[in-house]
Each structure stands twice: as C-alpha cells, then as structure tokens.
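Enquirer: Based on the sequences and whatever the hints tell you, model everything.
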Amino acid sequence: MRNPRIKILKEKKLAGKYLKMSLVNNRTAELWRSVLPMIDQIENTINKDKIALQIYPDIYFNNYDPKLEFVKWAAVEVTDFKDIPTKLDTFVLEGGLYAIFDYKGSSADSRIFEYIYSSWLPKSDYKLDKRPHFEVLGEKYKNNDPDSQEEIWIPIQPK
Numbered sequence: 001m002r003n004p005r006i007k008i009l010k011e012k013k014l015a016g017k018y019l020k021m022s023l024v025n026n027r028t029a030e031l032w033r034s035v036l037p038m039i040d041q042i043e044n045t046i047n048k049d050k051i052a053l054q055i056y057p058d059i060y061f062n063n064y065d066p067k068l069e070f071v072k073w074a075a076v077e078v079t080d081f082k083d084i085p086t087k088l089d090t091f092v093l094e095g096g097l098y099a100i101f102d103y104k105g106s107s108a109d110s111r112i113f114e115y116i117y118s119s120w121l122p123k124s125d126y127k128l129d130k131r132p133h134f135e136v137l138g139e140k141y142k143n144n145d146p147d148s149q150e151e152i153w154i155p156i157q158p159k
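When the letters of the sequence shown are read in order and numbered with UniProt numbering, they come out as residues 1 to 159.
Each hint should be verified, as a subset may be incorrect.
Simulated pairs of lysine-lysine, DSSO-like, Cα-Cα distance not exceeding 27 Å [to be verified]:
#1 K67 to K7
#2 K12 to K104
#3 K13 to K142
#4 K104 to K82
#5 K48 to K7
#6 K142 to K20
Since the hints were derived computationally from the structure, they do not count as laboratory data.
All values reported here derive from a predicted model rather than from experimental measurement.
Expert: Now the structure itself:
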C-alpha cells in the first residue's frame, strides 16, 4: 500500500440523503437506491463524482464494535443549495486536513481500511480528527468490482 497524499480540503456543499446504520446493519445499497434517481434532477452539481460520507460518533474508533451506529450520506457536490429537490437534504462539509488514499479494488474488500487505521495512521505523524470521513466515487468507480477506483479521504490532524 502506498502512502496517501496530504491535502487541505476547502469547505464543500453537498446534496443527498443520509441514513443511520452500522456495519452489522449496513444500509448503504438502500441509501444509494434512494438517491441515484434524484441526482439527475440537481442542476448545480460541480461534477459527476458521487460522495459517500460517514459521520462517526466520538467513541467509534476507541473500541471497534461493528454494531455501533454512524450516519452515512450518499451525495454529490453542489455550487449552492438553490433549487435542490425537496426530497434531498443538504450538508456543509467543513474543510480541513485530509489523508487521501487512491484505492483500486472492490468496495467490499475492507483491507484498505484495516491498513489505514491499524498500520498507516499509528506510524504516521497524524491522528484522526473528528470530522467526516468520505470516499469520492468518480468515473472509474464500479461497485464491488476488483478494477474499481476511488479516493478515500481520512480527516487527520498533527499528533
């Protein structure tokens, strides 16, 4: 596994939907099925990328528990919140420092996250920051395909 790029992210405006879920009760497919038909109705998207965003409770990474719930968003980036379909919600993603991992492989394979949290992060000069984690699903993203490509954004701060 290669080292990530470190980048300061500027604030982003997102439009989409969210659900509360856990790894045991994973509702990601249900979430995306509810959002995808509405994305084409959004006229002010920045690009065609989709954003999968997770908001974890403060204790989430203290003791791994696959039953612990978090909030997951399925969204796209927009220029502003004007003319967003009424069935969609909006979210302002706060800017800050991120480690960006370019990942190629199936989204069902969790080894990249094991590497990030168990190997790279403890050995790095950074610790997790309490901001959302997200993945950018661009044109090379193919759900559960070994040739799929995405960016994994992990919020960090200096140790």
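Enquirer: Going through the earlier hints one by one, which of them does the structure break, listed in rising order?
Expert: 1 and 4
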